[in-house]
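Protein sequences, first through last, are from chains D and L. In terms of my numbering, the first sequence opens at residue 1 and continues consecutively. In terms of my numbering, the second sequence opens at residue 1 and continues consecutively.
Don't read these hints as lab results, they were simulated from the structure. All of these numbers come straight from a predicted model, not from anything done at the bench. Be aware that a few hints might be false.
Each computed BS3-like pair below joins lysine-lysine, with the alpha-carbon atoms no more than 25 angstroms apart [said to hold, decoys possible]: (1) D:LYS190 x D:LYS309; (2) D:LYS98 x D:LYS113; (3) L:LYS169 x L:LYS156; (4) L:LYS169 x D:LYS113; (5) D:LYS103 x L:LYS69; (6) L:LYS156 x D:LYS119; (7) D:LYS98 x L:LYS169; (8) D:LYS265 x D:LYS32; (9) D:LYS141 x D:LYS265; (10) L:LYS169 x D:LYS103; (11) L:LYS153 x D:LYS113; (12) L:LYS22 x D:LYS103; (13) D:LYS119 x L:LYS153; (14) L:LYS131 x D:LYS102; (15) D:LYS101 x L:LYS69; (16) D:LYS304 x L:LYS131; (17) D:LYS293 x L:LYS131; (18) D:LYS147 x D:LYS265; (19) L:LYS22 x L:LYS169; (20) L:LYS69 x L:LYS169.
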Amino acid sequence: MPEKKLKYSFYLGCVIPNRYPFIEQSVRNVFKELGIGLIDMQGASCCPAPGVFRGFSIPLWLVVGARNISIAEENGADIVLMCNGCYATLLEVNVMLKHDKKKRDMVNEHLAKIGREFKGTIEVKHIIDVLYYDFGLDKLKDYTNIKFPNLRVGVHYGCHILKDSTHRPWHGESEDPRFFEELIEITGAKCIDYKDRLMCCGAGGAVRTASLEVSLDYTREKLENMRNVGVDCCMVCCPFCHLQLDLGQVQVNETFKDIIGEPYKIPIIYYTQLLGLSMGMNPRELGLVATHKLAGVPPFIPIKSFMDKIKEHI
Amino acid sequence: MEDLKSDRILEIKDDISDELRKAGYAEIGACIQCGNCTASCPSGRRTAMRTRSIVREALLGLDEVLSDKELWLCTTCYTCFERCPRNIPITDIIIFLRNLAVQRGHILPNHLNLCRMFYDTGHGVPINDEKWNIMRESYGVSRVPPTVHAHPKAVKEVQELISCVGFDKTIAWGKYAKKEEKAEKK
Numbered sequence: 001m002p003e004k005k006l007k008y009s010f011y012l013g014c015v016i017p018n019r020y021p022f023i024e025q026s027v028r029n030v031f032k033e034l035g036i037g038l039i040d041m042q043g044a045s046c047c048p049a050p051g052v053f054r055g056f057s058i059p060l061w062l063v064v065g066a067r068n069i070s071i072a073e074e075n076g077a078d079i080v081l082m083c084n085g086c087y088a089t090l091l092e093v094n095v096m097l098k099h100d101k102k103k104r105d106m107v108n109e110h111l112a113k114i115g116r117e118f119k120g121t122i123e124v125k126h127i128i129d130v131l132y133y134d135f136g137l138d139k140l141k142d143y144t145n146i147k148f149p150n151l152r153v154g155v156h157y158g159c160h161i162l163k164d165s166t167h168r169p170w171h172g173e174s175e176d177p178r179f180f181e182e183l184i185e186i187t188g189a190k191c192i193d194y195k196d197r198l199m200c201c202g203a204g205g206a207v208r209t210a211s212l213e214v215s216l217d218y219t220r221e222k223l224e225n226m227r228n229v230g231v232d233c234c235m236v237c238c239p240f241c242h243l244q245l246d247l248g249q250v251q252v253n254e255t256f257k258d259i260i261g262e263p264y265k266i267p268i269i270y271y272t273q274l275l276g277l278s279m280g281m282n283p284r285e286l287g288l289v290a291t292h293k294l295a296g297v298p299p300f301i302p303i304k305s306f307m308d309k310i311k312e313h314i
Numbered sequence: 001m002e003d004l005k006s007d008r009i010l011e012i013k014d015d016i017s018d019e020l021r022k023a024g025y026a027e028i029g030a031c032i033q034c035g036n037c038t039a040s041c042p043s044g045r046r047t048a049m050r051t052r053s054i055v056r057e058a059l060l061g062l063d064e065v066l067s068d069k070e071l072w073l074c075t076t077c078y079t080c081f082e083r084c085p086r087n088i089p090i091t092d093i094i095i096f097l098r099n100l101a102v103q104r105g106h107i108l109p110n111h112l113n114l115c116r117m118f119y120d121t122g123h124g125v126p127i128n129d130e131k132w133n134i135m136r137e138s139y140g141v142s143r144v145p146p147t148v149h150a151h152p153k154a155v156k157e158v159q160e161l162i163s164c165v166g167f168d169k170t171i172a173w174g175k176y177a178k179k180e181e182k183a184e185k186k
């Protein structure tokens, strides 16, 4: 029996399309290679972000989140998204509105004014969930022909891919998950455990905007713990963590220059960038080669040392 | 015994804890002040934020919990939520308390700016410089993403929703508050 082709509504969020488009490029191209269909979500807005906007107004968060979900419902396909923050919002809003009629009625009353409705017909999935469960870790292994046994990876999950664990697909595991390590290790790379590896990057919960210094101090602690075990790169599955560890790393080097010794220079890599390399794809298709001459754009921490490690194998 | 005056206890107001209960967070009453939340908190390691105190102040209905800046130093990592032995949804409660704080006008200028950006563009982090379009093109994706940025009508929809839930008033209130603050300083 032929397998049903996987197809998703492609939710971009804000940080990926507007600051880290190389993540978007890598996901579009890797999914094409894997034969997974993507339907753009025309007119989608900010999820809205669970730290800032949910903190300001829960009703606002619910209705705007529901509007985004309604676009995917029109597409007739579950959402795949690449950001832990968007995941926290759209997953929680979707579950809440499916199960709470009072809230759903309130939301739909507002959505009716713009000719929309939340129907509750789709699921919201993180790209890591899609690759691990829907596509399948074992099947994905068949695609990863090029191995990188010399690559030492510091894994950063980020918070909202795991927690709160009630509605996440990881069977309640939030203290010692291994699914991201498993996905990374099919490329042959070695995941190096480090102190407090599940710790927050420091960006979320409106803290980056409330107090940059507090948020950077989280990042400093993470970078220090990774540097102590020696990693070639830090692997992320969230663009806001990516931003915090990349741009934030430059800011840490400046803000804490008196206490950190040598500046940190740990390249930050999004998972599909490594996966694509292992699938034999060209680094140019994976956002790993910049062809522009722009200044002041990501990646802020050069990824050359990572690429040099990779080149030993391709 | 003079220090053990009871006036503080008599001053307990329960509107905050009442609002918490009405919003479905009655579990907060089960808090035994064990401090697992504070011990697990990565923010508490480096700031004056004490999660246990926030919960207690909320239970006692002390207004300071809403005006203290510490309320905004939680990154919502949900570690306390996962570890609470009484299954109190602590992080969700902090988020709800922030809602109450904003309703009472306690919002930081940076956060208000974010709200305005969201209202104007539909994005929390919008394309606000052509370099981002050029960068997108250089990576082989569309110059303008298929989001609200490509659909002016979608921005109007988001603005309509922001007004529907009354959040435009909150943003406007913030503007007045800022002016008042400036006037006071003068």
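Hint check results:
| no. | hint | result |
| --- | --- | --- |
| 1 | D:LYS190 x D:LYS309 | holds (13 angstroms) |
| 2 | D:LYS98 x D:LYS113 | holds (20 angstroms) |
| 3 | L:LYS169 x L:LYS156 | holds (17 angstroms) |
| 4 | L:LYS169 x D:LYS113 | holds (19 angstroms) |
| 5 | D:LYS103 x L:LYS69 | violated (30 angstroms) |
| 6 | L:LYS156 x D:LYS119 | holds (22 angstroms) |
| 7 | D:LYS98 x L:LYS169 | violated (29 angstroms) |
| 8 | D:LYS265 x D:LYS32 | violated (32 angstroms) |
| 9 | D:LYS141 x D:LYS265 | violated (30 angstroms) |
| 10 | L:LYS169 x D:LYS103 | holds (21 angstroms) |
| 11 | L:LYS153 x D:LYS113 | holds (14 angstroms) |
| 12 | L:LYS22 x D:LYS103 | holds (14 angstroms) |
| 13 | D:LYS119 x L:LYS153 | holds (22 angstroms) |
| 14 | L:LYS131 x D:LYS102 | violated (45 angstroms) |
| 15 | D:LYS101 x L:LYS69 | violated (35 angstroms) |
| 16 | D:LYS304 x L:LYS131 | holds (23 angstroms) |
| 17 | D:LYS293 x L:LYS131 | holds (10 angstroms) |
| 18 | D:LYS147 x D:LYS265 | holds (24 angstroms) |
| 19 | L:LYS22 x L:LYS169 | holds (23 angstroms) |
| 20 | L:LYS69 x L:LYS169 | holds (22 angstroms) |
The structure fails hints 5, 7, 8, 9, 14 and 15 (numbered hints given earlier, in ascending order).
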